[in-house]
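Asker: Those sequence lines, one after another, are chains D and V.
Take 1 as the starting number for the first sequence in full-length UniProt numbering and just add one per residue.
Take 1 as the starting number for the second sequence in full-length UniProt numbering and just add one per residue.
By construction, these hints were calculated from the structure, which means they are not laboratory data.
Being a predicted model, the structure only gives us computed values, none of them experimental.
Mixed in with the good hints, there may be bad ones.
Given that identical chains are not distinguished, each listed pair holds provided it fits within a single copy or across any two copies.
[Claimed, not checked] Listed next, the in silico SDA-like pairs over lysine to any residue satisfying Cα-Cα at most 25 Å (straight line):
| id | residue 1 | residue 2 |
| --- | --- | --- |
| 1 | Lys28 | Ile202 |
| 2 | Lys45 | Phe27 |
| 3 | Lys235 | Arg280 |
| 4 | Lys45 | Ser207 |
| 5 | Lys289 | Asp157 |
| 6 | Lys45 | Thr78 |
| 7 | Lys296 | Phe307 |
| 8 | Lys296 | Val7 |
There are 2 protein chains.
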Amino acid sequence: MAVYTEVGDEELASFIASYDLGDLLSFKGIAEGVENTNYIVHTSKGPFILTLYERRVEAADLPFYLGLMEHLAEHGVTCPTPVRDAHGKNLSRISGRPAALVTFLEGFWVRRPTAAHCAAVGRALAELHLGGEGFGLRRSNALGLAGWRPLYERFADRAGEIAPDLARLIEEELAFLQENWPQGLPDGVIHADLFPDNVFFIGDRLSGLIDFYFACNDALAYDIAVSLNAWCFEKDMSFNITKGQAFLRGYEDVRPLSAREREAMPLLARGAAMRFLLTRAYDWLNTPKDALVSPKNPMEYVRRLRFHQGVRSIAEYGLNGMAK
Amino acid sequence: MAVYTEVGDEELASFIASYDLGDLLSFKGIAEGVENTNYIVHTSKGPFILTLYERRVEAADLPFYLGLMEHLAEHGVTCPTPVRDAHGKNLSRISGRPAALVTFLEGFWVRRPTAAHCAAVGRALAELHLGGEGFGLRRSNALGLAGWRPLYERFADRAGEIAPDLARLIEEELAFLQENWPQGLPDGVIHADLFPDNVFFIGDRLSGLIDFYFACNDALAYDIAVSLNAWCFEKDMSFNITKGQAFLRGYEDVRPLSAREREAMPLLARGAAMRFLLTRAYDWLNTPKDALVSPKNPMEYVRRLRFHQGVRSIAEYGLNGMAK
Numbered sequence: 001m002a003v004y005t006e007v008g009d010e011e012l013a014s015f016i017a018s019y020d021l022g023d024l025l026s027f028k029g030i031a032e033g034v035e036n037t038n039y040i041v042h043t044s045k046g047p048f049i050l051t052l053y054e055r056r057v058e059a060a061d062l063p064f065y066l067g068l069m070e071h072l073a074e075h076g077v078t079c080p081t082p083v084r085d086a087h088g089k090n091l092s093r094i095s096g097r098p099a100a101l102v103t104f105l106e107g108f109w110v111r112r113p114t115a116a117h118c119a120a121v122g123r124a125l126a127e128l129h130l131g132g133e134g135f136g137l138r139r140s141n142a143l144g145l146a147g148w149r150p151l152y153e154r155f156a157d158r159a160g161e162i163a164p165d166l167a168r169l170i171e172e173e174l175a176f177l178q179e180n181w182p183q184g185l186p187d188g189v190i191h192a193d194l195f196p197d198n199v200f201f202i203g204d205r206l207s208g209l210i211d212f213y214f215a216c217n218d219a220l221a222y223d224i225a226v227s228l229n230a231w232c233f234e235k236d237m238s239f240n241i242t243k244g245q246a247f248l249r250g251y252e253d254v255r256p257l258s259a260r261e262r263e264a265m266p267l268l269a270r271g272a273a274m275r276f277l278l279t280r281a282y283d284w285l286n287t288p289k290d291a292l293v294s295p296k297n298p299m300e301y302v303r304r305l306r307f308h309q310g311v312r313s314i315a316e317y318g319l320n321g322m323a324k
Numbered sequence: 001m002a003v004y005t006e007v008g009d010e011e012l013a014s015f016i017a018s019y020d021l022g023d024l025l026s027f028k029g030i031a032e033g034v035e036n037t038n039y040i041v042h043t044s045k046g047p048f049i050l051t052l053y054e055r056r057v058e059a060a061d062l063p064f065y066l067g068l069m070e071h072l073a074e075h076g077v078t079c080p081t082p083v084r085d086a087h088g089k090n091l092s093r094i095s096g097r098p099a100a101l102v103t104f105l106e107g108f109w110v111r112r113p114t115a116a117h118c119a120a121v122g123r124a125l126a127e128l129h130l131g132g133e134g135f136g137l138r139r140s141n142a143l144g145l146a147g148w149r150p151l152y153e154r155f156a157d158r159a160g161e162i163a164p165d166l167a168r169l170i171e172e173e174l175a176f177l178q179e180n181w182p183q184g185l186p187d188g189v190i191h192a193d194l195f196p197d198n199v200f201f202i203g204d205r206l207s208g209l210i211d212f213y214f215a216c217n218d219a220l221a222y223d224i225a226v227s228l229n230a231w232c233f234e235k236d237m238s239f240n241i242t243k244g245q246a247f248l249r250g251y252e253d254v255r256p257l258s259a260r261e262r263e264a265m266p267l268l269a270r271g272a273a274m275r276f277l278l279t280r281a282y283d284w285l286n287t288p289k290d291a292l293v294s295p296k297n298p299m300e301y302v303r304r305l306r307f308h309q310g311v312r313s314i315a316e317y318g319l320n321g322m323a324k
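The following block holds chain D by itself, in its conformation from the complex (with noise of 0.2 Å):
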């Protein structure tokens, strides 16, 4: 939520001036993005996002991310796409970090989204999972399954501080998880991340996916488990199923899940559910107090994995039929 990087005029100029976009008209540091800094961007050919990566995120995964972004657009998917400069380049370099334009997206990410928002990101998810096929890099998810012993590794003498009991809520789930994860579901290119705050709408429409920047190659559902832990719980925790089931119809609108997808869903939420409980619990017990973003309170996925652990089917988020 900061501008790490300033960017001066003359040297934003002469960036943009390796571009095929006209003259600079103006820029302005936002502050959006945790990871990251961000200028909105006025040329004479209309308004751009530069974003300048920071040492959080690894420079050898951005061809990855840029890469998609360009594939996905290419398929229908309404995302934020890389530019390239007058040497067909998609990442350049500005104030010293690597640094990508991309083209601007209306819209605006919703605080309390219905369940009409819901089934509007199912299907643009299931769209996503589609658009993302042919797409040639690949990524591995640096926080999928074999991530998560080590991520807890990193904080387990701490856990107590978060709870009394979340030690061994976690190493009883992180066992049961290594012991019974679906294997060989169909995979593909996953958001990951997708997030409220990752998608935008205007009105009732979304207008565009952003923020690709935990994308990854993995199992196809288990995209869609994060999304129902993101979508469909209320303030107090509770799962909503009506969001439940629009997000999957909407989803299945799209690309019907097979009946092992279906099957997968309460173990893939389960795992969903520990990762953002694991990454929430780090950062909670690893951000200074004067940070300029506070972290997240993990117990909230504390909550959520409790209820997956009582899902028996995926009738349970609110599909009801037979598998297509």
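Starting from the structure of chain D, add chain V where the hints point.
Answerer: Chain V in isolation, oriented as in the chain D frame:
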């Protein structure tokens, strides 16, 4: 440099609906403005800036600032122009704060101004002084002569933390200024803070002036003195007479100075240096270490002040020849 107040999507959509600006398309908090929260807002009618006035701005002064921007825009000064809502009001409220929507001004501030930039700023300042004629509201200069001693007294006992001889310098200079301050100069609306970050350019063309939140009624020539301090010193604190000449000639192309204004310039420049020395010294001593905005070094104004103390006539700022 921060978003102090978060605005939600639903409240902003209903706020925008009270204007004749079409639909809300997007909004992003921007990292600009030390005192206020600013958002870039796109509607179907174009881009706008939404400003939420935080506690440091006197709400009673807002009609002056907004009325002035409107008056200036009507009189040929390019600046952000307040938009009136369906009830004809240019001041509203959102998220518990007074708020105004103004037009988006293209351009960006120049980090390394040249003499050509200074000439353009001189012209623009004179145009602002002429454009302000006939504006019906008044606001006295809270940071003018009468305000300096009370401000100094708020940190006098700690001035030695900045430099051992600072208290003596300020006390002697304040006594001198109070004794000798020029009276009866032509007055009117002044910007009072026309620093490089408040003047936008596109290339070499000045595209407009921003940030009228120190504007007030005072001697017009005092505003010139502020600008000589703000625009014509190099990083090593040497005065660049080429820039001074360009600025003053640019100003006089639009509004020639009277003989009395010319004579008063060295004194006014001392006063302007004192004003920024005092506010910077106060901020230096009173900004928490973990604040988002780092305080600027007050000693830069001690060095400017010492320069002005040695100036005997406006010729040393670059203006030769007879007054018109």
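Asker: If a hint holds in the structure, say so; if it doesn't, say that too.
Answerer: Structure-based check of each hint:
1. Lys28 x Ile202: both (23 Å within a copy, 14 Å between copies)
2. Lys45 x Phe27: Both: 14 Å inside a chain and 20 Å across chains, each within 25 Å.
3. Lys235 x Arg280: within (17 Å within a copy, 45 Å between copies)
4. Lys45 x Ser207: Both: 21 Å inside a chain and 18 Å across chains, each within 25 Å.
5. Lys289 x Asp157: within (20 Å within a copy, 32 Å between copies)
6. Lys45 x Thr78: both (19 Å within a copy, 22 Å between copies)
7. Lys296 x Phe307: within (19 Å within a copy, 53 Å between copies)
8. Lys296 x Val7: between (30 Å within a copy, 19 Å between copies)
In summary, the structure agrees with every hint in the numbered list given earlier.
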